[in-house]
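Chains as they are written, first to last, in the working numbering: chain A, 11 to 350; chain B, 11 to 350; chain C, 11 to 350.
Misleading hints may appear alongside valid ones.
The list treats identical chains as one, so a pair stands whether inside a single copy or across any two.
Below, a list of computed lysine to aspartate or glutamate pairs in the EDC-like style, where the Cα atoms sit at most 16 Å apart [what the hints assert, rightly or not]:
{"hint": "1", "residue 1": "Lys-97", "residue 2": "Asp-271"}
{"hint": "2", "residue 1": "Lys-190", "residue 2": "Asp-252"}
{"hint": "3", "residue 1": "Lys-182", "residue 2": "Glu-91"}
None of these hints come from the bench; they were simulated from the model.
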Amino acid sequence: MFALNQWYVAGFEWEFQERPIARTFLNQPVVLFRTGEGTIAALEDRCCHRSLPLSSGTLEERGLRCGYHGLLYAPSGLCLEIPGQEKIPARACVRPYTVSVRNQIVWIWMPSEPGGQPDCDAPEYAVHDDPRYRYRGDVYHYDAPYQLIHDNLLDLSHLGYVHLRTIGGNAKIHMHAETKVEEQGNVVRVLRYMPSSEPPPTYTAAWRFDGLIDRWQEIEFDLSHLRIWTGANDAGAGSMRDAGRGGFHMRGFHGVTPETDVSTHYFWTVAANRHPDMPDMMDTVYEQSALTFEEDKVVIEAQYRNMLQFQHAPQIDIHVDVGPNRARRIIERLIRETAG
Amino acid sequence: MFALNQWYVAGFEWEFQERPIARTFLNQPVVLFRTGEGTIAALEDRCCHRSLPLSSGTLEERGLRCGYHGLLYAPSGLCLEIPGQEKIPARACVRPYTVSVRNQIVWIWMPSEPGGQPDCDAPEYAVHDDPRYRYRGDVYHYDAPYQLIHDNLLDLSHLGYVHLRTIGGNAKIHMHAETKVEEQGNVVRVLRYMPSSEPPPTYTAAWRFDGLIDRWQEIEFDLSHLRIWTGANDAGAGSMRDAGRGGFHMRGFHGVTPETDVSTHYFWTVAANRHPDMPDMMDTVYEQSALTFEEDKVVIEAQYRNMLQFQHAPQIDIHVDVGPNRARRIIERLIRETAG
Amino acid sequence: MFALNQWYVAGFEWEFQERPIARTFLNQPVVLFRTGEGTIAALEDRCCHRSLPLSSGTLEERGLRCGYHGLLYAPSGLCLEIPGQEKIPARACVRPYTVSVRNQIVWIWMPSEPGGQPDCDAPEYAVHDDPRYRYRGDVYHYDAPYQLIHDNLLDLSHLGYVHLRTIGGNAKIHMHAETKVEEQGNVVRVLRYMPSSEPPPTYTAAWRFDGLIDRWQEIEFDLSHLRIWTGANDAGAGSMRDAGRGGFHMRGFHGVTPETDVSTHYFWTVAANRHPDMPDMMDTVYEQSALTFEEDKVVIEAQYRNMLQFQHAPQIDIHVDVGPNRARRIIERLIRETAG
């Protein structure tokens, strides 16, 4: 079950070059491609003639041509040409999807009915265009349902157990961090502050700290993506709760788009401010983030395989589950609202 | 659903040396082997004792010996020996299949009832024994149902999109070729003629043409196999519709035998006449044909995976589907006739 | 269907070092680990919080700590610590299993009800601690149900067909061996004697024989494991039926523990007495036994795949099946007795 009438992340703009891309969203196979006008379009990934994936075809100025018998489709989904045949039947078309590109993120609108149009703009993510930051990212694939990734990102207490090699740090401090959970509309915010803690490996590799650090983790959940603002300053150097704070900043974008009921696309970027004396630190931040998210993937996929083994086993909640559980209730409500 | 009481291709004679071969036909696992008398026999691939595949066993003068406890089976399916035991129970036997070898093609009769005998000879394919041609072939496996391969072979308009590297040529000319579809009994014939067209890569690699060519494609569909006679002559050098035509001739045999409901054996040979100045052209013809059929396999398997994704999506027909659709109706009728 | 209220083999003591081991027994995923006190414990392999396998966690003095949020479990299954949380809910626990280590074999009690306690000691296997023998072993995995492995071990007549490279020997002699089958309680014994036979490769590689040998095979089946005492002496050198017989002795332990309905753990050791002039013969015996059991695995897995192909095909019994069939009846009875 998925919440519909929502924008979901479909990719990053830099992925779309001369070849179409096949991706399934919410159980619907879609082909995405750059049009002759330079925008990005999305169609049902199936030729209406003999069902070959259109993503096996080739891009032309006017659209996407099927690789079997050459039917040509416009970005609107209409068939423009059936080679060797004059008349093009009215049924010769495939379903189009509405796409919006914003801050280098490609969004797709997943309507509750075919043809349903967006009732709002695609989300903004200004960090990608903020000159104070540089960013890089990647697309990962999970053999696990999307909500397990939400759980993971909304509960950073796991850093001390899962990510000791990168952004972890002392497990005890993480589990006892001052934590505040806020809810507003369909957004859940989890705010965590850890004064005077040891800097973890990624932080010392990317920034110069004098010793202990004041560390913050501010997570904002939205159905389709999470924004995570983490960072640290030298202990006592200023308020770590103030958005104008100094020090080292990592800003994560996490697009979590269901592929199927049991698999998920994970579109992430990490942005950081640059330390004046460390020109290469962005490479370090990217590599350590990639490593961190690979560690999460190992844990979450193992968790899901085990949930399948123990079908009806009960789970208990602990103190870290407040944020994840609120997000789950928002999703349940959005699913109910768009189901009927 | 399969048409029964039919000969299907089970292999090529050259495949049968000192080891038995396991192959499933129409969901029935079969072991094929060369007997002590040099003929080829086929049995249910299961020892009647503890169900080991007989294809794991070893060939002897009198038959096939199971590799677990040594039960020996005659080509008739009767158990001839149970080592260490005097009495051989009457039930100690496995189901035999009727096999016929003709023109180096191994045919198996698939009856509607176990024990049902052929009511006709296995098909002839005289090209294999025609001194004007030399031929080579191979056995491919498809993860796709057999009818998608029929569709592909009965509709050569796809050559201009799928096989540009080998036998393709100009897509437009292919899609606009003069095409005639004939039906006679259980045979469908698709005849296509393309005067004054560009010779495709395989043709120029295998023959000497002066410039443009008159090109023909004559396809004959039979439930179990297709015979495809293609070729070309210098443009204007004589009628391309006359069976006595000169020039370059490629004659394809395409045995399409269902393995299961969703997979297929594809037994193909290609025969060509030899250009007097090009002694090695048969190697070229074989290699380019192998490449061509690998391209078809990629397309058809992608098509089938996508059909599974889009379970109930409708398909539209275009002008090239006349031949394939007639073949499908013949198969439907043959299935109905042998089902009851 | 499995017989419950039984000890099954869970591993060998030497496997348990600094990391926990995940193994599924009778469809139940279990984590096994060495405790701070040096004993071996077994728990349900699932954190009660978010279902991560506990086998992904780390061992500590007090127990096993989950690798996601750090919950610490005692060998009893009780959760001892939830980092960052004072109160530990009563439901924070996982199911423990009773384990017993005897003669370097790790046994697990599989009760018919969670919490059910053993009503007998784990089986003894004194050969492992008998100074006349040295032994080595390994753990194999079968994609086949456990009873096919029982069949194989209770019927050594297959040696002449499957194991010609190691312990086979003349197939005819094997199939005609004098064979006696005895049953006592839940134990089946198959005794086979082959006077004046050719020594097989493993025997000549591990011992000095003058020529022909008197060879014995004594198999004892128990639900959870088989003990197989094979060996040979120079032909005529003394009674091969007398437990005090001389010559070359191989004693096999074969723990056969269902993993799932369709897969099995196979825990084996082979012990041999040492020939005074052949110091390295134990390596030979081990390597040839490993090869032998790999040959069995190939046969049995092929057999099972074929049984799935031929769902309802009948099987016939031959003279070698007396022992295996008695074992099957004992298992059926034990399953009935513990099912209700």
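Going through the hints against the structure:
1. Lys-97 x Asp-271: The answer is neither: 40 Å in one copy and 35 Å across copies each exceed 16 Å.
2. Lys-190 x Asp-252: This pair counts as within: shortest intra-copy Cα distance 15 Å, inter-copy 79 Å.
3. Lys-182 x Glu-91: between (65 Å within a copy, 12 Å between copies)
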